[in-house]
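Colleague: Required output: the full structure, derived from the provided sequences and hints.
Listed in order, the protein sequences are those of chains A and B.
So the mapping is simple: the working numbering equals the position in the first sequence, first residue as 1, plus 9.
So the mapping is simple: the working numbering equals the position in the second sequence, first residue as 1, plus 800.
Because the hints were derived from the structure by calculation, they are not lab data.
Quick caveat: nothing in here was measured; it's all calculated off a predicted structure.
Check before you lean on any hint, since a few could be wrong.
[To be verified] Here are the simulated lysine-lysine pairs, DSS-like style, with alpha carbons at most 25 angstroms apart: (1) Lys-210(A) with Lys-120(A); (2) Lys-120(A) with Lys-203(A); (3) Lys-1090(B) with Lys-204(A); (4) Lys-1092(B) with Lys-803(B); (5) Lys-1150(B) with Lys-803(B); (6) Lys-47(A) with Lys-126(A); (7) Lys-974(B) with Lys-47(A); (8) Lys-120(A) with Lys-204(A); (9) Lys-1150(B) with Lys-1008(B); (10) Lys-338(A) with Lys-349(A); (11) Lys-338(A) with Lys-974(B); (12) Lys-1147(B) with Lys-837(B); (13) Lys-837(B) with Lys-50(A); (14) Lys-341(A) with Lys-974(B); (15) Lys-204(A) with Lys-1092(B); (16) Lys-1008(B) with Lys-1147(B).
[Claimed, not checked] Pairwise CB distance ranges (calculated): (17) Leu-52(A) with Glu-994(B): 43 to 53 angstroms; (18) Asn-27(A) with Ser-1013(B): 56 to 66 angstroms; (19) Lys-203(A) with Val-839(B): 54 to 64 angstroms; (20) Ser-1015(B) with Ala-340(A): 31 to 41 angstroms; (21) Ser-1015(B) with Leu-41(A): 38 to 48 angstroms; (22) Ala-998(B) with Glu-343(A): 54 to 64 angstroms.
[Stated by the list, open to error] Some residues of chain A that are not near chain B, with every Cβ distance over 10 angstroms (derived): (23) Arg-75; (24) Ile-116; (25) Lys-120; (26) Ser-167; (27) Leu-172; (28) Ser-280.
Beta carbons: idealized from backbone N, C-alpha and C, even for Gly.
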Amino acid sequence: MTLANRQGTGVVVPVERNDQRFRAGQGTAAGLSIVFRKFRKALFGKPNSDRSDTEGQFNVQYPEERLALPEAYRNMPILLFDDATGHELCTSCFQCERVCPPQVIHITQAKDPATGKPVPSAAEFIIEYDTCMSCGYCAEVCPFDAIKMDHDYELSTSNHPELDVNYNRLLRPVSYYETIAPTLWNDVRESAMKKLQNNIKRRPGAIGVDHGQKVGAKAAPAAVARPAEPAGGGASAVAPAAKRASVAAIGKSMSEERLAKLQSIRAANQSKRGGAGAPIDTAHAVEADVAVQPSTAQVAAPDAATPGSVAPGATGPVAAVGTNMSEEKRAKLEAIRAAKRAQEGE
Amino acid sequence: MLKTEELRINIGPQHPSTHGVFRMLVTVDGETLVDLKPVFGYLHRNHEQLGEVNSYLQNMPFTDRLDYFNSMINNHAYARSVEMLAGIEVPERAQYIRVIMDELSRILNHATALGFMLGDMGAWQTALLWGLREREKILDLFEYVSGARMMCNYARFGGVARDIDDYFITETRKLMDGLPHYFDDFEGLLTNSEILLARARNIGVLPKDLALSYSVTGPVLRASGVPYDIRRAEPYAVYDRFDFDIPVGTVGDVYDRFLVRIAEMRQAYRILEQAFQQLPEASGGHINPKVKQQSLKPPIGEAYARVESPKGELGFYLVSDGTGNAYRYKVRAPSFINLTALADMCKGYKLADAMVILGSIDIVMGEVDR
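Modeller: Have a look at this one:
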């Protein structure tokens, strides 16, 4: 019989209420036997790592341990730039801005300073992370594969304006995206790079490689607090707290003695951390500089994560790669990695 | 003779047993409930107006936020109504994928709903965690295939966003291996439990004719003895190809609703088995490549498509005026209509039973208030 001709059957079944057979205490006894069976398994059975097993312990000690995220996982959108040339993939075609359901993407197209004509590159790119609904349409419609969904989910902050994320902080190197979604990127890499090469030809001067630094210079200092992060995602989990806080405002509306107290606490904290304490503002400046050139250190990151052996301390997306894939995909990934290693070995 | 006086009490809107921001204005005589007035609207998000402002595709992620336990089914229902409006054909494989997601979603929803209902009875957390355990694994599968756990945004016009691969199928198979044991355990733990029997049997009876006149649907209607299931009454997707039974109750009380939900989980499992069997033979891809997604402009007309969501009949009504966004957009939310029967179900029972009866309707305020 072919599929289309198949006719399902079924009847109406009244549910069994067990009115006649019911005896006092019977249900409790039956239930308790199940509880004890489970209890025994939880205590003496071996802990399960495979979540498809139905019995045993499944605890994940969160900040230290993390569940592997699938490649398709989508949290917040990021923008990609090419490692080799430093060119941004975005051409400001406004597709994502148009499709965005909560309309949180704001793009300004770059203009050639000499002629005043528009250039296929974005001068300004802001995504309001606080209103983004993580639907993933922007990544889906992007014809240049410039916008992708990040795996970083630890985005909480006490500084709300920081959530209007500007170009500086949206940009990630392609190598970073490759670590979180290797097969997805491999599917589109060729066409994306080809399109990028075409666009580079149409970008005069430093347009498209400045990574929105001119935007950053104009923006309020708080917004620059987290510049384009280096590859590896895990980096964000290591020391974000120290970078983010903008404490300049505190202390303005305080009495003299409270201010003195606050300062003494801060000094104590500073010495505890062991830093003579570079002022926060200069730290920002240094980081912003780092972001300008895609350093070689960033490119090397993906090799650290070979499937099966995850480097200790590597958290987040890096740990996920390779543990959560079909055989076919894993083989594909291995091939990609081998090719890359060979290329770098030359 | 002691003179008694009726007392009006507000339960909610912020109350742990009201499943969201829902207020019950209750009149009690001693412990006995004389009258109940449901008050809702605290979670109104202007969903239907948004659907008329947004383009057809843009509205898809908003439907995730209606019944946030079953975003897969919401997506399916909405996509179906747009497909009906624009006359889009859906490939067979996509239909099967949708059915698989729907049935996984049904198991997830019923397990959680029963857990919450038992939580209302006083089995706080323990029974709920039994429900959440299976839900967690199914959400992992959803995350793998769609990218998000709850707000899946998986359906597209003419198919689904991403094809399922071997990994998904083997993982679902693994999960399904454990499901019958899970149902047995769930039932063994609870079905004959004295606490459940005392709190659920002959409580909140909704007679057949009253259920029909309230236009109640889903497990609540079936527990009252009406064998009405849209998968049978008006088969959509490929549901006419599966063998499955329709469990119905005999009394229409809370206990029947509990039993019907467990039986439905078993039927969902049956459908899943058959769907995976038939999936390799299905023709077509995961999406109809000819369909425009972003710039879809259906011809002038109207469409109403409905699916059997775990809570009842979920329907989307759309009127197109030929432009890129709907002229009128209306959601027939099962929770909302089932909730209107609450007052008649509660009258005459004790105040503490009102929580259990509310839990047995299985409402999600995101869908009720929209």
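Colleague: Are Lys-204(A) and Lys-1092(B) close enough, with their CA atoms no more than 25 angstroms apart?
Modeller: Distance ~23 angstroms between Lys-204(A) and Lys-1092(B) Cα, so the pair holds.
Colleague: Range hint 43 to 53 angstroms: satisfied by the CB atoms of Leu-52(A) and Glu-994(B)?
Modeller: Given range 43 to 53 angstroms: violated, Cβ gap about 27 angstroms.
Colleague: Are the Cα positions of Lys-1150(B) and Lys-1008(B) separated by 25 angstroms at most?
Modeller: Holds - the C-alpha atoms of Lys-1008(B) and Lys-1150(B) are around 22 angstroms apart, at most 25 angstroms.
Colleague: Holds or violated: Lys-1008(B) with Lys-1147(B), Cα cutoff 25 angstroms?
Modeller: holds (16 angstroms)
Colleague: Quick one: work out the minimum CB distance from Ser-167(A) to chain B and report holds if it exceeds 10 angstroms, violated otherwise.
Modeller: holds (25 angstroms)
Colleague: Would you mind confirming whether the straight-line C-alpha gap from Lys-1147(B) to Lys-837(B) stays at or under 25 angstroms?
Modeller: holds (11 angstroms)
Colleague: Tell me if the straight-line CA distance from Lys-47(A) to Lys-126(A) falls inside 25 angstroms.
Modeller: Violated. Lys-47(A) to Lys-126(A) sits at ~70 angstroms, over the 25 angstroms cutoff.
Colleague: Take a quick look at whether Lys-341(A) and Lys-974(B) sit within 25 angstroms of each other, Cα to Cα.
Modeller: holds (24 angstroms)
Colleague: For Asn-27(A) and Ser-1013(B), compare the CB-CB distance with the range 56 to 66 angstroms and indicate the outcome.
Modeller: Once the Cβ atoms are compared, 30 angstroms apart, the range 56 to 66 angstroms for Ser-1013(B) and Asn-27(A) is violated.
Colleague: Straight-line Cα separation of Lys-1090(B) and Lys-204(A) no greater than 25 angstroms?
Modeller: This hinted pair holds, its Cα atoms lying about 24 angstroms apart.
Colleague: For the pair we were handed, Lys-120(A) and Lys-204(A), check the Cα-Cα distance against 25 angstroms.
Modeller: Within the cut-off at roughly 20 angstroms; holds.
Colleague: Please work out if Lys-338(A) and Lys-349(A) have their alpha carbons no farther apart than 25 angstroms.
Modeller: The given pair, whose Cα atoms are some 17 angstroms apart, holds under the 25 angstroms limit.
Hints 4, 6, 13, 17, 18 and 20 from the list above are not met by this structure, while the remaining hints are.
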